[in-house]
Amino acid sequence: MAIARRSVIMAGIATTLAATGRRARAADTIKIGFTTALTGPFNEFGEGYKRGIELAIEKLNKSGGVLGRQIEIAMMLDDQLIPDRAVQNMRRVLDNKEIVGLFCPSGSGPTLAVIDMVQADGRPTMNPQAQTPTVIYPGGPGTKPRPNVWTFSIQNDIEANFMAGILGKKFTRIGLMNESTGYGKTGGELVKSGIMKINKDAVVTHESYNQKDQDMTAQLVRVQRARSDVLMVIGLGADMAVIRKNMTRMNMTIPLYVSAGGFSPPYLEGVGDLAAGTRGSQFRKISTVPPAPEVAEFLNAYKAKHGTDRLWGTDPNVPAPSMGGTVATGYDGMLVMADAWRRAGSTDPAATIKAMDATSGFKGVNCTYEFTPEKHHAIEVGDLTTYEYTKIDGKIALVQASL
Amino acid sequence: MEDFLTLLLAGVSVGAVYGLIAIGLNLTFWTTKTMNFGQGSVMMLCAMLTATMVAGGWPQALSILVALAVIAVLMVFTETWTVRPALKIEGSMGWAVSTLGVGIVLQGLASLWFGSQALAFPDIIFTAIDNVVVFGVHVSLQYLAVLVLALALVVVFEALVRGTVWGQAMRAVSMDQDLAAVIGIPVRWIVLGSYIASGLLAGISGILVAQIGGTVDPAFGFELVIFGFVAAVLGGMGSTTGALAGGIAAGVLQQMVGGYISSAAQHGIAFALLILILVVRPQGFFGQREFVKV
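Chains as they are written, first to last, in our numbering: chain A, 1 to 403; chain B, 1001 to 1294.
Hints in this document: simulated from the structure, not taken from any laboratory. Don't take every hint at face value.
From the derived model, a few chain B residues whose C-beta atoms are all more than 12 Å from chain A [unchecked claim]:
hint	residue
1	L1100
2	I1183
3	A1219
Simulated coverage check for chain A against chain B, where a stretch passes if three residues somewhere in it have a Cβ under 8 Å from a Cβ of chain B [stated by the list, open to error]:
hint	stretch
4	65 to 76
5	203 to 209
6	213 to 224
7	229 to 242
8	247 to 256
9	270 to 276
With beta-carbon atoms standing in for the labels, derived distance ranges [said to hold, decoys possible]:
hint	chain 1	residue 1	chain 2	residue 2	range
10	B	V1076	A	K305	42 to 50 Å
11	A	K303	B	A1055	18 to 26 Å
12	B	I1125	A	K391	20 to 28 Å
13	B	I1129	A	K395	15 to 23 Å
14	A	N317	B	V1070	37 to 45 Å
15	B	V1073	A	D116	30 to 38 Å
16	A	T172	B	I1275	36 to 44 Å
17	B	A1272	A	P147	41 to 49 Å
18	A	K391	B	R1171	50 to 58 Å
19	A	K303	B	G1057	24 to 32 Å
20	B	G1091	A	G140	51 to 59 Å
Note that the structure is predicted; figures quoted are calculated from it, not measured. Beta carbons are placed, not taken as given, at the ideal position from N, Cα and C, and that holds for glycine.
Next up, chain B with everything else stripped away, as it sits in the complex:
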C-alpha cells in the first residue's frame, strides 16, 4: 500500500506538470491550429535563467518573475517572426519547422550564455527533506506543492477562459477567426496572447520540474514536451480538463508500470498502453468526435 501511494503521488505530481505543458500546447492549437515545437527549449530557458539569477544572489521570486518576463518577450518574437509569416500560406507546415528552429537556436544560445554543463537548480519553497506522514507514508512536500500549483493554475486558467471577456473572445477565435474579426474581436492580439500564455505555462512547468531533479542543462525539456504532447492527445486535443487528466494518466501509468512491471521497460510499456487507449478512443478522454457535413 505504501509503495502504491508513493508511486501514485509521484505519478500525479509529474503528470500534473505534463498537463500544464499540454494546456500550453492546446492554447496555440485553439487559436491558430499550430503548436510550438520549441516549447521544450522555452522550459529550459526559463529554468536556466532562474537558476543563474538565484546563483547570482537575486531573490527567488524576482528571478522567477524576470525569467517569465523574458519568456513572454520571446513568445512575442516567436509568434510574430516564425508562426505568423508561415500562416499566410494556407496549408503550410512552415510553422512546425520554424518553431522547432527557434527551439534549437535557444539551446545553442543557452550553451553559449550559461555554459553547456548542468546548472544546480535551487529548491523553491520546499526542499527534498520536507515531507509529511500521511497514513504512514512519507509524502514529499515538493511533490505536493507541484501538484497544488499545477491544479491551481488549471483552475485559474479555466476561470479566465470561461468567465472573462478575453476568454470568450479566445473561444470565438478558436471557432472561426474570420467571423471573430468581423464582429470586432482583436484576433491579432488574441493569437499573440495565446502564445504568451502558452510560453508562461511552459516556463512555470520548467521551473517545477527542474526543482525536482535539482539540475538543468541546455538539453532539458525535450522529453517533457513529448509527454506533454501525449497528455494533450490522450486528454483530447483542445480540452483543458482533458489535458490535465491526460497528463496525470500518463504520469501515473508510467510510475505504476515502472514500479510493478519493469523499470527498464517503463516508457515502452506505458506508451504501448497509451496507444491502446487511443485505438479504443481516438478522440481522447474528453475530446469530441468531429463530424463534417458534405
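Bound conformation, chain A alone:
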C-alpha cells in the first residue's frame, strides 16, 4: 500500500515537472496570432494564408528558429470574412500579451474593422491580403502609413493603375462592376478615376453588387444598355462565376477583365470552360518559368505538404498565379517579420518596427521587399502581369498574356 502511495506521489511530481517544462518551453517560443476566413465561401484566402504562414514557420524552425527560439501560432481564429466576428476575434488575440507578431484578417472589410485597434495596440502587424489603401495609409495613398502595419498584398491603387492603364488605352466605352465591400468600392473608384486620367473621352458605366448575389442581370443590362465594349469586375471568385454565367445567358460577348481576387479557385470551378477568354492582373513572379530559387523553394515545400490541390491550380508544373495572393502573401509576411526580429535582435515591438522599416532587398515569392518609415507597401505595378484563361489541349489554363 505504501509503495503504491509512493508511486502515485512520484507520478504526480513527474507530471507536474513535465507540465512545468512544457510551459517553460512554450513560454520560450515566439508567438504569433491572427483571425482570418478559415471557413466560409471565401475561405481560399484565409486557409491559403494560414498555409503560407505554416510553411514559413516550418522553414524557420527547421533552421533553428529565430533568436534561438522556435516560432509558433499561439492563436488562430475563424472570422469567415465577417467584420463583426473579426473584431471579436482580434480583441481576443490582442488580449494575449505573449503574442508578439500579428496578421490582419483576409479581406478589406474585416481588416478595416480591426485596423484602428491594431494600430492603437502597437504590435507589429502584417497585412497579407486586404487591398484597400487606407488599411496602410489612413489618409490615402501617398500619406503617412500606420507605424506598425505593413502590407504584402496588391494595394487597390496599384492594381487600379495597372488595369486602368490597359483598359483606358484600349477601350472608350467601359463597363465597371464591383462588389459592395471596402475592397470593391475603393477598387472601383480608383479604376474609374485611373481610366478617366488616361482617356478623357472614356464613358464608364459603374455598377455594384452584393457578395453572394445569385443573379446579376440588372447590373449587366445597365452595362449592355450603355453599349460598353468591355467589362471590368472587381470582386472574388465565387461571385465572378455568377457574373460570367449571367453574361453567357444574356449572350454578352464583350471581353471580361477581372481583378486579382477574381482569379481565385471558385471562379474556374464554377464556370469551367466558360472561363476561356477572361483576362486580368495577377502576381508575375510566382508563375514565371523557370521560377526564381526562393519561389522554387516555396513551391516545393507547398507541393510536399499539400500536393497540387485546388489552391495550386490545374497545371501540376506551374502554380496558378492566384496562389501569390492566397498563400504566398502569408509566407512572405512571416519570413519578412522573422527577418526583422533577427536584425533587431529582439521581438520587442519598437525594435521590430524599426527593423521592419529598414527591410531592404528581401527576396520573397511575390517581389523583393523594400520598406521605409514612409512606405509600408511593397508590390508595385512592375510586380504584376496580365493573364488570360486559355484552352490548351482541351484544358483551361491561366497563362501570362500580352493584353
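The hints should help you fit chain B onto chain A, whose structure is shown.
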C-alpha cells in the same frame, strides 16, 4: 424593349423560385401555424448533396432523388424533435428558435462534411450557353426551365390539395386540428407530411437556384428564404397562388429597380416598395381579411 424583356424574364424566373420557397413556408403555416426558419439550410444541404454526388460520378437524376430523400428524412426529424415538443406548450415560440437552431447545425455539419469552400454546381438539363431568340431577345433556356418547372410544381401542388383526399384532409387540419382529429383525419401524419413537402420544395428551389449561380456553399440559402418569406407575406399568407404571385412580383420588382433605377439600391428600393404595397393592402395580394366575432 430588349432590356425590359431580359429583366422581366430574369425577374419572373428568380421570382418563381421565391414563390416555391414561399409555398413551402405556407404549407407548415397551414397545418401548425409554424414556419421552418432553417429552410435556407435545407436548400443548401440539398444542393450540396447533389453537387457532391454528381462530382463523385453519380447520375444527375439519381443524385437529385437521393438528396431529396435525405431532405425528407431530415424534415421528419425536424418536425418530430424540434417543432412538435414546442407546440405542446400553448403560445410557445420555441419552434422558431429550434428550427433556426437546426438550420445553424446543418450549416456547421455541411462545413464539416463538404468543406466550407464554394462547390461547383453542375448544369442541369441546360447550360448557360443554351438559349433561344424570341423577338430578337436571347432568352436563356436555364431561366425558362426554372420558370416552367416552378409553375408545373405549383399546378401539381394545387391539383393535389384541391383534388385529392389528402389535400382535403390537409385543408381540414389547417382550419381546425381538433375537429379534424374528431372526424378521424390522421392529423399527426398530415402535419408530418406538410413538413416533408415543405422541405422537398425547399430542396428543389435550392437546386434550381444553385445551377443558375454555378456554385453552392454552406452559407447558401439564407437570403433566398428572406425573399421567400417576403413572397409569402406579399401574396397573402396561406395562399398558393398568392405565394407564386408574390414571388414573381418581388423578383420582377428587384430586377426592374436594379435595371432602371439603381443596382446599388436594388434591394433597398425593392423592399421599400414592398412595404408600401403592404401598407395599402396588409393582407397581401390574395389574402383575406380576418374577422373575429366578439
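Violations among the numbered hints, reported as their numbers in ascending order: Going through the list in order, the structure violates hints 3, 4 and 15 and respects the others.
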